[in-house]
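Sequences are here, hints too, so could you generate the full structure?
What follows is the residue order along each chain.
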Amino acid sequence: MINTVEALLFGSGRPLRISEIRSLLEFDGVTAELSEIKQCLNELETRYIDSSLEVVEIASGYRLQIRQEFSPTLSHLWNERAPRISKALMETISIIAYKQPVTRGDIEDIRGVSVSTQSIRSLLERNWIKVSGFKDAPGRPALYSTTKEFLDDLNLKRLSDLPELPDPVDNIVQDEDHQTIPQAV
Amino acid sequence: MQNNTQTQLEFPTVMGQPYETIPDDLFIPPNALELCLETFSGPMDLLLYLIKKENINILDLDVSKITDQYIEYIDLMDALQFELAAEYLVMAATLAEIKSRMMLPQDVHEEEEDDPKSALIKRLQEYQRYKTVSEKIAILPRVDRDFFLASASLPKIEVEKKDIQITKDELVAIFHEVKNRPDLKSNHQIDFEELSTQERIQIILEILSKRNVISFSKTLRKTEGRQGVVVTFLASLELAKDGHLELIQNETEEIFLKSKGAIS
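Going down the list, the sequences are from chains Z and E. With the numbering used here as the guide, the letters of the first sequence map in order to residues 2 to 186. With the numbering used here as the guide, the letters of the second sequence map in order to residues 41 to 304.
Be aware that a few hints might be false.
Derived DSBU-like pairs (lysine-lysine); straight-line CA-CA distance at most 30 angstroms [as the list claims (entries may be wrong)]: (1) Z/Lys136 <-> Z/Lys100; (2) Z/Lys131 <-> Z/Lys149; (3) E/Lys162 <-> E/Lys92; (4) Z/Lys149 <-> Z/Lys136; (5) E/Lys202 <-> Z/Lys100; (6) Z/Lys136 <-> E/Lys162; (7) Z/Lys100 <-> E/Lys162; (8) Z/Lys136 <-> Z/Lys39; (9) E/Lys176 <-> Z/Lys158; (10) E/Lys262 <-> E/Lys300; (11) Z/Lys100 <-> E/Lys176; (12) E/Lys162 <-> E/Lys105; (13) E/Lys250 <-> E/Lys300; (14) E/Lys105 <-> E/Lys92; (15) E/Lys105 <-> E/Lys93; (16) E/Lys219 <-> E/Lys202; (17) E/Lys219 <-> E/Lys201; (18) E/Lys202 <-> E/Lys176; (19) Z/Lys100 <-> E/Lys92; (20) Z/Lys149 <-> E/Lys262; (21) E/Lys93 <-> Z/Lys131; (22) E/Lys281 <-> E/Lys262; (23) E/Lys139 <-> E/Lys162; (24) E/Lys92 <-> E/Lys176.
None of these hints come from the bench; they were simulated from the model.
See below:
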């Protein structure tokens with residue numbers, strides 16, 4: 002069964018939940034307890050210890066990843082690097098992540114600039130945010146929340162795994178060690 | 041790289057005068073000209089940057105000094121012909137308002153909450169929280185940038201496609217065969233026959249002129265279905281309302297229609 006679970010993780014191309022793996026196994030007439038599948042995943046993890054792979058649990062389930070130490074080598078495979086995300090966009094997604102659900106106006110209040118349709122769209126296209134409702138206010142503005150994919154892409158299981166939102170500080174300099182302006186990353 | 045950029049830039053002009061020298065009191069970071077407006081994510085970011093450079097506590101914010109720096113900064117950016125977003129000017133206006141208020145004699149009765157300076161400080165502090173955390177999130181490992189997913193491409197399942205072998209003559213023959221096929225399909229529209237309540241009233245009256253009483257179910261025609269029941273019932277109610285007949289129901293569920301005699 003371990004090999005079947007491994008095959009599913011390799012072939013799925015997306016994270017799989019334990020319950021999902023169970024129903025996939027059922028198609029083959031294999032009935033397995035959730036705990037047995039968890040056991041398989043653990044054993045896979047042990048099997049991979051001496052390899053370039055790892056089994057990782059993230060918000061949407063389990064997936065196979067290449068150990069981060071190989072990333073520099075892998076990056077030579079592609080000419081283009083992953084698109085950079087501007088500071089402004091990172092601020093926007095952070096505000097959504099910690100204050101969700103928020104309207105565009107809420108984000109603008111904090112950032113002091115208007116949030117462009119384009120930046121909201123780019124987050125929507127990335128599947129990092131979704132419209133989770135509409136605020137009961139004039140104009141019925143859309144409320145935005147983060148998605149599981151956002152956590153998946155950052156290798157996180159849940160929102161509380163994000164860095165803690167700092168308390169308001171009086172002295173900015175103390176708070177930050179670096180004096181340079183961070184570039185877009 | 042940086043020097044190249046500088047030499048390529050023409051000297052900006054301010055009010056017609058070439059802006060050759062930089063004001064002494066303007067703090068210019070080492071790579072100031074590289075710092076285009078896009079480096080800052082907004083006026084709050086720029087303001088925080090200035091405060092940070094001053095190495096001061098936000099609460100002790102010297103608005104007067106910061107305002108001057110901010111405005112000169114904006115002037116410089118403007119002179120370098122960056123598109124200035126309106127929000128930068130709004131912030132400049134806010135700073136100018138705070139500055140001018142400070143020059144006026146303090147009104148003792150003025151409420152704390154109305155103080156634009158403390159409001160600005162609160163906003164800066166709030167913004168600072170998210171700015172800090174966004175920088176932390178930005179350096180979290182990110183998929184396809186810092187780590188990669190492992191997946192195996194699935195084997196392509198080959199579906200064999202046979203080429204169709206057909207000659208020109210065969211094609212013509214098939215075409216004719218199809219064209220001459222008898223047209224066995226035609227549209228057949230079924231119209232629902234509308235049942236009229238008015239007509240039903242006539243029918244019931246006719247029946248009642250022959251016999252005095254009739255059970256409701258006997259007036260129904262099976263072919264008319266549920267619609268018939270409704271129409272008949274409506275017709276009976278109509279007649280009862282006008283006093284032409286009486287509706288009677290005893291212990292059984294059956295309703296009887298009883299003529300009320302003289303019908304004109």
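30 angstroms Cα cutoff - pair Z/Lys136, Z/Lys100: Within the cut-off at roughly 14 angstroms; holds.
Taking only the CA atoms, is the gap from Z/Lys136 to Z/Lys39 under or equal to 30 angstroms? Roughly 40 angstroms between the alpha carbons, so the hint for Z/Lys136 and Z/Lys39 is violated.
Hint consistency between E/Lys105 and E/Lys93 [alpha-carbon to alpha-carbon, up to 30 angstroms]: Given that 30 angstroms is the threshold and the Cα spacing comes to 12 angstroms, the pair holds.
Would you check the hint for Z/Lys100 and E/Lys176, treating anything up to 30 angstroms between C-alpha atoms as holding? holds (17 angstroms)
Between the alpha carbons of Z/Lys100 and E/Lys92, is the straight-line distance 30 angstroms or under? Measuring from Cα to Cα gives roughly 26 angstroms; hence the hint holds.
Does the structure keep Z/Lys136 and E/Lys162 at a Cα separation of 30 angstroms or less? holds (25 angstroms)
Hinted pair E/Lys105 and E/Lys92, Cα distance within 30 angstroms: holds (13 angstroms)
Is it true that the CA of E/Lys250 sits at most 30 angstroms from the CA of E/Lys300? Holds. E/Lys250 to E/Lys300 sits at ~13 angstroms (cutoff 30 angstroms).
Mind checking the alpha carbons of E/Lys162 and E/Lys92 for me, to see if they're no more than 30 angstroms apart? Holds: E/Lys162 and E/Lys92 sit about 16 angstroms apart, inside 30 angstroms.
Going straight from one Cα to the other, do Z/Lys149 and E/Lys262 come out at no more than 30 angstroms? violated (60 angstroms)
Given the proposed pairing of E/Lys202 with Z/Lys100, does the C-alpha separation stay at or below 30 angstroms? violated (59 angstroms)
Does E/Lys92 pair with E/Lys176 here, judged by a C-alpha cut-off of 30 angstroms? holds (18 angstroms)
In summary, the numbered hints that this structure violates are 5, 8, 18, 20, 21.
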